[in-house]
Amino acid sequence: EKKWYDRIGMRGYVQFRYNKSLWGDKDQVSFWPDSSVGPDKSFLIRRARLILFGNITDHLYLYIQPDLASTPTGSSTTHFAQLRDAYGDIFFDKKKEFRIRVGQSKIPYSFENLQSSQLRLALDRNDAMNSCCRDERDIGAFFYWTPTHIRDRFKDLITKNLKSSGDYGMFAFGVYNGQGANRVELNDQVHMVSRFTYPYQFENGQIFEAGVQGIHGRFVPSAGPNADGITPTRNAPNKGFKDQRVGVHAVLYPQPFGLQAEWNWGKGPQLDGSQTVIGNGTLNGGYVQAMYKHDSERWGTLFPFVKWQYFDGALKFERNTPQNRVRDLEFGLEWQIFPELEIVATYAMMNRTDVRNPPYDRFKADILRFQLQWNYF
Amino acid sequence: EKKWYDRIGMRGYVQFRYNKSLWGDKDQVSFWPDSSVGPDKSFLIRRARLILFGNITDHLYLYIQPDLASTPTGSSTTHFAQLRDAYGDIFFDKKKEFRIRVGQSKIPYSFENLQSSQLRLALDRNDAMNSCCRDERDIGAFFYWTPTHIRDRFKDLITKNLKSSGDYGMFAFGVYNGQGANRVELNDQVHMVSRFTYPYQFENGQIFEAGVQGIHGRFVPSAGPNADGITPTRNAPNKGFKDQRVGVHAVLYPQPFGLQAEWNWGKGPQLDGSQTVIGNGTLNGGYVQAMYKHDSERWGTLFPFVKWQYFDGALKFERNTPQNRVRDLEFGLEWQIFPELEIVATYAMMNRTDVRNPPYDRFKADILRFQLQWNYF
Amino acid sequence: EKKWYDRIGMRGYVQFRYNKSLWGDKDQVSFWPDSSVGPDKSFLIRRARLILFGNITDHLYLYIQPDLASTPTGSSTTHFAQLRDAYGDIFFDKKKEFRIRVGQSKIPYSFENLQSSQLRLALDRNDAMNSCCRDERDIGAFFYWTPTHIRDRFKDLITKNLKSSGDYGMFAFGVYNGQGANRVELNDQVHMVSRFTYPYQFENGQIFEAGVQGIHGRFVPSAGPNADGITPTRNAPNKGFKDQRVGVHAVLYPQPFGLQAEWNWGKGPQLDGSQTVIGNGTLNGGYVQAMYKHDSERWGTLFPFVKWQYFDGALKFERNTPQNRVRDLEFGLEWQIFPELEIVATYAMMNRTDVRNPPYDRFKADILRFQLQWNYF
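Protein chains in written order, with this note's numbering: chain D, 1 to 377; chain G, 1 to 377; chain S, 1 to 377.
Hints may be right or wrong, so weigh each one.
[Unchecked claim] A partial selection of chain S residues facing chain D, derived with a Cβ cut-off under 7 Å:
#	residue
1	Y5
2	L22
3	T57
4	A81
5	N177
6	E185
7	M192
8	L259
[As the list claims (entries may be wrong)] Pulled from the structure, derived: some chain D residues nowhere near chain S, Cβ distances all over 12 Å:
#	residue
9	K20
10	N284
11	D312
These are calculated hints, taken from the structure and not from any lab test. Note that beta-carbon positions come from the ideal geometry of N, C-alpha and C, so glycine has one too.
Pulled out of the complex, with its shape left as it was, chain D reads as follows (with noise of 0.2 Å):
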């Protein structure tokens, strides 16, 4: 009989942070994705992340994945163990091509919300995208399907090294809570998400994917005082918001050179402008990023990338649902000295809403970005 750890491997990787505010208003400087960005601020593990997993038996695959430098609400002290995915894969036939995952994970919703944080370029994910989903996970049950021949198209990429998002499915059907990952549900209305994606190879081995996704359900916004000390009235029924969303992706891997884009249209809970009430709104957003691999024999790899980004709408999963404008550019550099070590440093221009504060300001600034991280693969 095979052992534990044959069954069970342990794997997870460390970003370190370090910001610098260079330009523009650095005193009004708040971006929600990282703690570290804006004053009085030095360094941050960003994510300490241990990844349990592995094929317990031909029908269960096991995926639990703490962050190790989470944050209770309410506590002053931080670098808890909190879950980001708990879940089991189960398999129903002998090729794997279909499976049900059970527990907490990944919302199959965009390419960049499904694409790992440790391989991503960009230090933070767009607000366009990611924020359907809080976390980019929520306890559900998904059903996925992979013809096989595409599961070896997925993974070929993943082994390349070139940027992908993993398996998520041909196609994808889920049900969830609707309130993010970690967070109670507050109605008993489940989400539904469905995602098609296809990676088509070219004869040059050129790998090119494009796919569609949506979103449907009702969400219940938290509400607390505004700038003037009034709590915003929630003008829904007690089972929340319509919360609906469509978008669109489309990735040219970089061979060398690549392309990422996605844009999403939808509705969803919207502070209004007197922040007074938090009612129905619209959204619209998206993004575009260019990179380019260049693979050394002594230097390792450098991933050089510019990325856009615009969104209007609102935060949901923020107090309030603040109204949130994103106009930001950035332009970075991924240095992968080894496969376990790797460096990003990018030139954000910041141009968005500070959404934490009421009365949610906008703010313009130019920050100098810096990570390093760690892999222990």
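With the hints as your guide, set chains G and S onto chain D.
For chains G and S alone, kept in the frame of chain D given last:
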């Protein structure tokens, strides 16, 4: 010398739940053992357990079990890692018949309390026995004596998939803090517990186990505003209320038909009828469960069961130690599709107190409950 | 290729404590390093450590150490998993004499701070050196240089069970946030630390180690209501108070008789006599410890020791940075029954400040303390 992975092993299980209230006081449903039961709930990860265990040497057995789906009080985000067990078994003799278990571990009281949730048929434990000890565990030191032939019998029951409790000694005696697992001690007096159990094997192989147990200590309950906003006074000395119980258990293991029953009687803190004073009260309750084990070549193992439980007492580890009256009936089926995957469906006819919310009303409701559990052994 | 379990190892230890106040101001006892000391306490799991470590490649050594018995601020439930260490050692040269340690790790200051609690004789560290750094650690980057023959000497000290500190460089220099382990940075200035230590080996094999160290930075203390309900004002620029120290250490390793002493002097925030203003203050203190190592064939290893400590200063990481005066004397015995199991008993004559509760009174008390520790190596 032995490698670390031959000294320490890793295993665990995850429970994924969904409940639907069908009839009765559906809006009043509030079930303290499972927060996914009640209005405005969907999916829940009830338990995500990771166990590190192993014979470190001949003198020390290690057991560390965090739950990865716990929530610190006051936090609105969930799924943090919190200890259930962290103990060392220290052996004195070569045959390992005598041991002292030090750290946080289960209190040797009741049969169902000691049976792992990974193995239990009913989705939750009965109130009568389980109300002895928050999360069945505490910090302390416990002496266990199990003669070799009895230990083999306990092992056998596990190997044969007979829903047993594992080896918590033929005889047990222990001292512990008494405020519950993961709670701060509030007096300088320890609780004492003792238990005797004997698994008798008939000539035809049928095993019948029966035993007695008792607890003695002083408990300091917490108090907070009742429905009128008044915090009840605690009518006890500083060291807390007398907390005393005596119980009996009997189990006919399912070979293939099984019966399991427990009952206990005792004293403890209890909120009075006016809900303004916590005084001394009595408690009395238990359960009876019938079950059947059906193995099939193609479809795995089926365990139909029915469980009736009764309790008149109070829940000392809930705020204000509200009175708790339970008259529940539950029909269920556990289907072990594979050893690594099982589904439980139950029809629960609840008739009990909402002990979480003052004024602690009673409710009656029929609830359909589902659980998917995956084991990584 | 190497398997994951040959790259990553797992080990740890658990400390189980019980204390009894015997004489003196028993009701006023409040000892910040150990919450099981004082009235209305029984058993405590002081530390439950799990360490993941290993040479991932020739360029990267990984070390991740959560403590499984931590509590988020504001939570009434305990035993959550919180990081102590999460660092990568990055090596530059083949001989591994030079490395940079990035992430959260111990600040190279003092000897006792760097010595693992798994190895320390006294149950808790001395206030004088330990008050430099909350939990001895912080987020930052540290450069270490250890020539090969010195590294071998450090290893030797561990192998020979001589209560050493491990290898934190013959020379160390680092930058770090400065607010303490698992705390959010509150200014944009880093702390700096440097340390030099040299373990000299006499011809008879006796090793003597001595060194110097210094810290320089600005610290932002927290403030809250004093005994009169008034929150002290903080008399410092926004970037915080000067936080500067210089210290010396000397260790004669127990072969079999040992001596260990440290002292440091410095400046830092300090609550004034009126307890209404936090201003700049000075600090001065250290300790002397004598110990003896007795190995026996049948009974394991015994370490009797006596420790005297002195401190005049303040505890910057407690609320309001109260003044802290310590004159403690401690007699103890550590008995290593087996390598995996040890008991410590100490008789502590405390004469110190209750730094947790305003008005920060002093107390004198004699306390009998016990610890059982089990190691899983």
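Comparing the hints with the structure gives:
1. Restraint check, S/Y5 versus chain D: the minimum CB separation of about 5 Å is within 7 Å; hint holds.
2. At about 33 Å, the closest approach between the beta carbon of S/L22 and any beta carbon in chain D exceeds 7 Å, and the interface hint on this residue is violated.
3. At about 5 Å, the closest approach between the beta carbon of S/T57 and any beta carbon in chain D falls short of 7 Å, and the interface hint on this residue holds.
4. With a cut of 7 Å, the hint placing S/A81 at the interface with chain D holds, because the nearest CB-to-CB distance is about 4 Å.
5. Satisfaction of the interface hint for S/N177 is found here, the shortest Cβ-Cβ separation to chain D being roughly 5 Å, below the 7 Å cut-off.
6. For S/E185, the shortest C-beta to C-beta distance to chain D is roughly 5 Å, which falls under 7 Å, so the interface hint holds.
7. This hint is violated: S/M192 has a C-beta 12 Å from the nearest C-beta of chain D, more than the 7 Å allowed.
8. Evaluation of the S/L259 hint against chain D yields a violated restraint, the C-beta minimum of about 36 Å exceeding 7 Å.
9. The Cβ of D/K20 sits about 8 Å from the closest Cβ of chain S, inside the 12 Å cut-off, so the non-interface label is violated.
10. For D/N284, the condition that its CB be more than 12 Å from all CB atoms of chain S holds, with the nearest at approximately 34 Å.
11. Listed as a non-interface residue, D/D312 keeps its Cβ farther than 12 Å from every Cβ of chain S; the least gap is roughly 31 Å.
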